[in-house]
Amino acid sequence: MSEAVKDAPAAAPATATPFTDRLRRPAPYLWLTGSVLLLLFPFYLDRFWLQAGLFAMAAAIGAIGLNLLTGSTGQLSMGHAFFLAVGAYGYCILAGESGTENGHALTGLGLPTWLAAVLAVLLAGAAGGLFSPIAGRLSGAYLGIATLALIFIGQHVLFNADSLTGGFNGRPVPPLSLFGLTFDDAEVVVAAVPFQSSEKLWYLGLAALLAGGLFARGVLRGRPGRALNAIRDHRIAAGVMGVPVARYRAGVFVLSSMYAGLAGVLLALVFQRTVPEYFGMILSLEYLAMIVIGGLGSVAGAVIGAAFVSLLPQVLTHYSDSLPLVSAPGTGGIAPGEASRYLYGAAVVAVVLFLPGGLARLKNPGEKKK
Amino acid sequence: MTTFIELLLGGLSIGSVYALIALGFVVIFKATEVVNFAHASLLLAGGYVTAVLHDDIGFWPALAVGIAGAAVVGSAVEFFVMRRYRGSDQSVLAIVTIGVDILLTTELTRRMGTDVLSLGDPWGDDVVTIGGVTLAETRIAAFLVAGLLITVFLLAFRFTSWGVSMRAAAENPQTAALMGIRLGRVSLSAWAVAGALAAVAALFLTVFPTPGLERATSLAALKAFPAAILGGLDSTTGALVGGLVVGVTESLATGYQSDLSFLGRGIGDLAPYLVMVVVLLVRPAGLFGTKELSRV
Amino acid sequence: SEKAKSSDDGAADKNGVKTGEGVTDSKITLGALTDMTGVYASLGKSVTQAQQLWVKETNKAGGICDRQIELAVRDHGYDPQKAIGAYTELEPDVLGFTQFIGSPFVSAVESRIDGQDKGIVLPQAWSANLVGSKYVRVIGATYDVETINLIDFLLDGKRIAKGDKIGHVYFEGDYGENALAGSKHAAKEAGLTVVEQKIKPTDNDMTAQVSALKQAGVKAVVISAGPRQAASLVGVAAATGFKVPVVGNNSAYAPQLLATQAGAALQKDYYIGASTLPIGDAAEGPAKLAEAYAAQYPKDGLDNGVIAGYNAASVFGEALKKACASKDLTREGVDKALLTIKDFGADFGIAHDFTDPAAPSTRQTVVMKPDAKTPGGLKVVRPAEVAPAAESFTLKP
Amino acid sequence: MTAAPAPLTVRDVTVRFAGLTALDAVSFTVEPGSVHAVIGPNGAGKSTTFNVLSGVYRATSGSVHLGATELTGLAPHTIAGLGVARTFQNLALPPHATVAESLMLGRHRLTRAGFVASGLRLPSATREARRHLERVREIAEFIGLDKELDFPAGALPYGKQKLVELGRALCMEPEVLLLDEPIAGMTAEERRRTAAVVAGVRDSLGISIVMVEHDMGVVMRLADAVTVLDFGRRIAGGTPAEVQNDPAVVQAYLGAQE
Amino acid sequence: MATLEIRELSVGYGPVRALRDVSVDVPAGAITAVLGGNGAGKTTLLRAVSRTLGFHRGTGTGTIRFDGRPLEGLRPAQVVAAGVIQVPEGRQVFARMTVADNLRAGALGARGGRKAAAAALRRVHELFPVLADRAHQRAGLLSGGEQQMLAMGRALMAAPRLLLLDEPSLGLAPLMAARIAETVQEINAGGTSVMLVEQNAAIALRLASTAYVLDVGEVALDGPAGELAASDEVRRRYLGVVDETAAEDAARAEGVTRTLSRWSA
Ligand SMILES: Nc1ncnc2c1ncn2[C@@H]1O[C@H](COP(=O)(O)OP(=O)(O)OP(=O)(O)O)[C@@H](O)[C@H]1O
Ligand SMILES: Nc1ncnc2c1ncn2[C@@H]1O[C@H](COP(=O)(O)OP(=O)(O)OP(=O)(O)O)[C@@H](O)[C@H]1O
Ligand SMILES: [Mg+2]
Ligand SMILES: [Mg+2]
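One line per chain: the protein sequences are A, B, C, D and E, in this order. Going by this note's numbering, the first sequence opens with residue -7, and the numbers climb by one from there. Going by this note's numbering, the second sequence opens with residue 5, and the numbers climb by one from there. Going by this note's numbering, the third sequence opens with residue -3, and the numbers climb by one from there. Going by this note's numbering, the fourth sequence opens with residue 599, and the numbers climb by one from there. Going by this note's numbering, the fifth sequence opens with residue 71, and the numbers climb by one from there.
With the rest of the complex left out, here is chain A (with noise of 0.2 Å):
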């Protein structure tokens, strides 16, 4: 070839390989600076930031699923609160032990904790897969609509199957243990510091989030990724390429009910009782403003916008003394829970309006989606 060919484009963009990717990201420091606050956060915050953090990293794992399946593939899906809940009622059915509470018999198999948690989101798992005549076959809005009857009925299940979830009570969550640490409210205290179960959880979930954060960029980088984004882009070009359509569009979907059902447990740890209302649809449509928030089909993306949809409620609330326009519940004027609303659906349109690509692509504007 000649030399005058090999000449860069004028305007290339960001390069598509791992390695030049890798030198883009911010410095290494700025990881490890994060990295270690994080891992000192339960050493200063109080409970209520750390659980309002637990509910984030639980949301972020749900939402990195979600992204697999809405972003990457297209799929839209206004069903993942019912995963959750598969998650969540079911480590509770499997770690829990049979017995009865306020006169309901609830059954349990007692399983080691542990065991239970892995087993719940392969449960999660399972359902997805028994969705997959669905999840295979439709997509678009039909198989939103399709995905929000799961909704309703799980709903149903939890407020009726009383001997397996306690019905409208809940069950309460067995604390999990793991390698003789087990994560309830006993005080452990580390370094002069009492660590109760938010505090032993937080790393926990940090543990499950990084993981689950590196598992779906792997996935999104690799093979499966690129065979998930053809099938967006073009179903049957996607099958002619070799690409078995309904199978990874079952799989995705499996994939993403996994995550779904492992935010589900961290939850329910969380919350230490599961309570039915909260698998309702609002929850869904909340992971779906998450991924959109953050930045569609992007796992950094999915970690960003379930930070800023799980904390923003919870902080202006904090703070609503003292917060301008936000006035005190009671005394008139706008209450902080609708200031919240009226600021998280602003951020849902102005974020879609003013950043297309999603926050994720504040930190980053060069870098390609992914």
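Wrong hints could be hidden among the right ones.
[Stated by the list, open to error] Simulated restraints on C-beta separations:
hint: 1; chain 1: E; residue 1: 260; chain 2: D; residue 2: 605; range: 35 to 45 Å
hint: 2; chain 1: C; residue 1: 112; chain 2: A; residue 2: 122; range: 33 to 43 Å
hint: 3; chain 1: A; residue 1: 91; chain 2: C; residue 2: 215; range: 35 to 45 Å
hint: 4; chain 1: C; residue 1: 384; chain 2: B; residue 2: 61; range: 31 to 41 Å
hint: 5; chain 1: D; residue 1: 831; chain 2: E; residue 2: 210; range: 23 to 33 Å
No lab work stands behind these hints: they were computed from the structure. For clarity, every value in this text was computed on a predicted model and none was experimentally measured. Note that CB positions come from ideal geometry on N, CA and C, so glycine has one too.
Starting from the known structure of chain A, fit chains B, C, D and E with the ligands onto it as the hints suggest.
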């Protein structure tokens, strides 16, 4: 047997209200390919305007203003929000409408407070009895209005240039523009029409036998989702049939819940979704929807 | 770090009053976890405003134990995550909670309350599932007991008799299912049959339910749902010529309903039970409160949430006073004080007894009837009374 | 890879759509290692033939065999797995993915990494990706796309996009390559270059190529055999020269030569 | 006189410069051809005229006047209303609508009344009988060539004053391509000016009176079509006329020596 007929007719009558709501979804979807989650809040807006005005200016003028008001709100949503996203991914747009819905619903419920508002309709709690079966007059009105509006839109979509523009704009905005179609005007009109339809639906959703308009009314509007999907998101006929199917399913499942109690009680809400899932398994684009078309 | 353990309990002020969380030398902070933007917004608003009124009055009268009362309010909008978050946030800084709307959320934190936090929580929910905790104390008759009393009212008036069927339309969830347990018990005692109709809060149209109940031939209907459902049920029943009495729990009515199409029907043959007198009652307690409330919040209507909220706050206040007297304003001290309150709140029609955590504070129910002419829209038709079937009923085995 | 490529046999394939017979008992055989052109007027059924061959459409009757393997009724991805690759007449490229990614998609059938291996970044997956990226570069260079590897395919001009399609199909290392109008929308010079690529593929890889093309010049130059369709029926077949002078073909397709 | 004047037009898509100072005239009643290789900017030029650059996030500077009236600042629909109709690249039929509805959509921008539309429809059916046969089929299911015919027919429904054609013969069989050429000539004879972008330079240069050659966003050559057709450069690059030396040149420049070996791993 009379119970069955009573439940059936009751289901058809509430079903026609769902059909009206579903029609609003269908109009937006046909014109912009967007699933409009903000429809419930348009409904709330229309109902609210009617409710606050009827005491002062009478029911019919209030309803007219309510319809116009909801149309204006719909247009405003299009003009200030949706227009800026033209060409974005379908699911992104759907999620944007969720954002809009949150904003509108919060504002409206804040205004409504905790009241139950009456729309001041002239039908009151009058009923007609046909062969031992009683039906609320409001529901008969709803049935007639839904049938009429759906026929009108069916014809409009098929035969007017507005309908052609709308479908063209939905499918390929750029080429539609090359045909001289004013995209802005088309989608603005779609949103305005959807708003107006929502206001009409709001009326029928909140008059007797339901007590009135209040903050939870928008939740009831969600029942139009399975209706729209079941019928086919881009089909006006589908909206009608879907609405009726949902109404009847819900009514029968409720009425016979004692006999169905092995499924757990209170499956009235759930049954339409189950029917929807079964329909989708057989017909992935709903009963009357256009199948996903693709050839290479 | 700040979180590092330092012992701060057991501190005592200059008067020798022991203090703990939520109490300083000049201030007692109480929490209120309410719903002013979600499904229970109308209840939450009245309860909260009434409690704020109580705080104001109490502070004006010099506070309690030389301390001003402060109410920290968090609106969770009936969202579990926010509710639990708000509890976690306020718990370290308050002495206890005068209000916690949403019994599922109360259940969710109950093990924390009983296990470690040990602050008093007065939920605004009347589910029997909440009874039994030393710290979570339900004020008033629980839904099951209330329902038994309501059915007794019907039996009393000879509206139904042995062998009849009664319908029960109830919400999925805590409230409805607890009430159902009551009606089943009452039915068993009186030889009735219950025809169940379970609904969801999104159901606003009771046409199908009425059809089904009519077909089943029920002689009366119990409704354990929201005001809207009650209005629709009563309205449809009246319009279709299904003339049976309808009784509802205290949450199945709101005065705003009188302005709707169902208003007339509601005033005919609909009865509501509650553990307080209606706010519009001529008795001194409600009358004084109604006046003060109307002066403070002229724009807002009066409903029974006002009494419920005010009553709960006063109970807490009474416990604080007793705790102050025994020089112990810690959570433990207040709890001990509450356990000695035996006969409180009779101004609102019913005296409450908090000495036994395993029982509701009362088993009496006032039966009322909607009435457009009284403020608050309710008038008493049967004063506080306990049905024999309710005397010994317990939900928990 | 297989030493002796297999013939592709199309026997009596009929495809009917509601009220329309798009293919009517069409038969032809593609000899191993040859370039076989399918020509005919618009709507004759050429793309439909491709759609049957690649499994996108199901034949109403008739059969397709690759060697001894029956392709009829198999799913598209299974057929792709057997080594049949194709391009699309109307581009089917992901708009935002880079050219490199689009080409890597072509490697799908040759690679193994699944959700678990990719998610855990097992060494096997990483190694595999690296090796195949290398090959993708090679192919891109071969068809003259090496400069565009990092561009989003959607922003390339039409002609380049057609090349990406060709490259993606080549990346599947096919035994049979189906090209639907590979040089439409190119200037004469670009056509020549693309034709050279196609010829180069046949010569260096020895695979069978089935090509739909309206540019008779290119068909004449490249094709070893030609099948002519009209209204879904095969109206002629043979060497390019034979076909070119067939009066039926002239009348239905070519028109009076200039 | 209806003339299109493009002056100093520069267009960019984000960082990509697609056109640089391009000036083109389409005289009234004439056919003007624009040639150029892939990525030369032909489509971009047409987009700039029809004001649809915005759909591709493109921005431009320079002036474009039609009949002396500046087109900048108009919306696409207003350009159509002025009588400028474009046949987009790559067919772009409304796939889910029927063939008949596609044609109706084409008539939306027409200025004539119902009668004119009926006449136009008759004419289109005459030109492309298959469109009449398939009137109720969904356009997305047509074959590639049939879609191209539909795209062309749709534009004719609008009775344009200036027709912008982006590769109208793309994917058409030789017979049909000739038919299109005739049609273009006929339309032109009826008083419609035509700006023709074509890869098939032979046809384009035969039809056009003047031609422009774009190269990487700039006008490389322009002049009467006959003259251009005779020039070596155009003959070699666009007309496919290969003489000995040119072929050798080409072979060297294109690196035909490249080979691909079999993947063996
Ligand atoms: N899925 C389908 N449904 C209905 N008709 C179809 C379908 N696919 C193809 N057809 C019809 O079958 C006929 C053959 O189409 P095909 O695409 O095979 O033609 P072609 O030979 O490739 O033409 P071109 O050269 O124009 O691309 C056309 O008339 C087309 O309209
Ligand atoms: N949407 C777009 N985004 C970014 N760049 C674009 C876009 N469309 C075109 N370009 C770039 O602009 C330049 C001109 O493209 P254009 O499509 O106008 O070429 P063309 O002459 O029509 O080519 P072809 O003959 O292949 O159709 C090319 O370099 C192309 O990559
Ligand atoms: Mg074809
Ligand atoms: Mg072009």
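Requested in this report: Could you say whether the range 35 to 45 Å given as a hint is met by the Cβ separation of residue 91 of chain A and residue 215 of chain C?
Outcome: 40 Å, holds
Just to be sure I understand the hint, the distance between the Cβ atoms of residue 112 of chain C and residue 122 of chain A should be within 33 to 43 Å; is that true here? 40 Å, holds
(message) Within 35 to 45 Å: is that where the Cβ-Cβ distance between residue 260 of chain E and residue 605 of chain D falls?
(response) 53 Å, violated
Worksheet item: Lying within 31 to 41 Å: is that true of the beta-carbon distance residue 384 of chain C to residue 61 of chain B?
Response: 56 Å, violated
*Could one say that the CB atoms of residue 831 of chain D and residue 210 of chain E fall in the range 23 to 33 Å?*
This hint holds: roughly 24 Å between Cβ atoms.
The structure is inconsistent with the numbered hints 1 and 4, although it conforms to all the rest.
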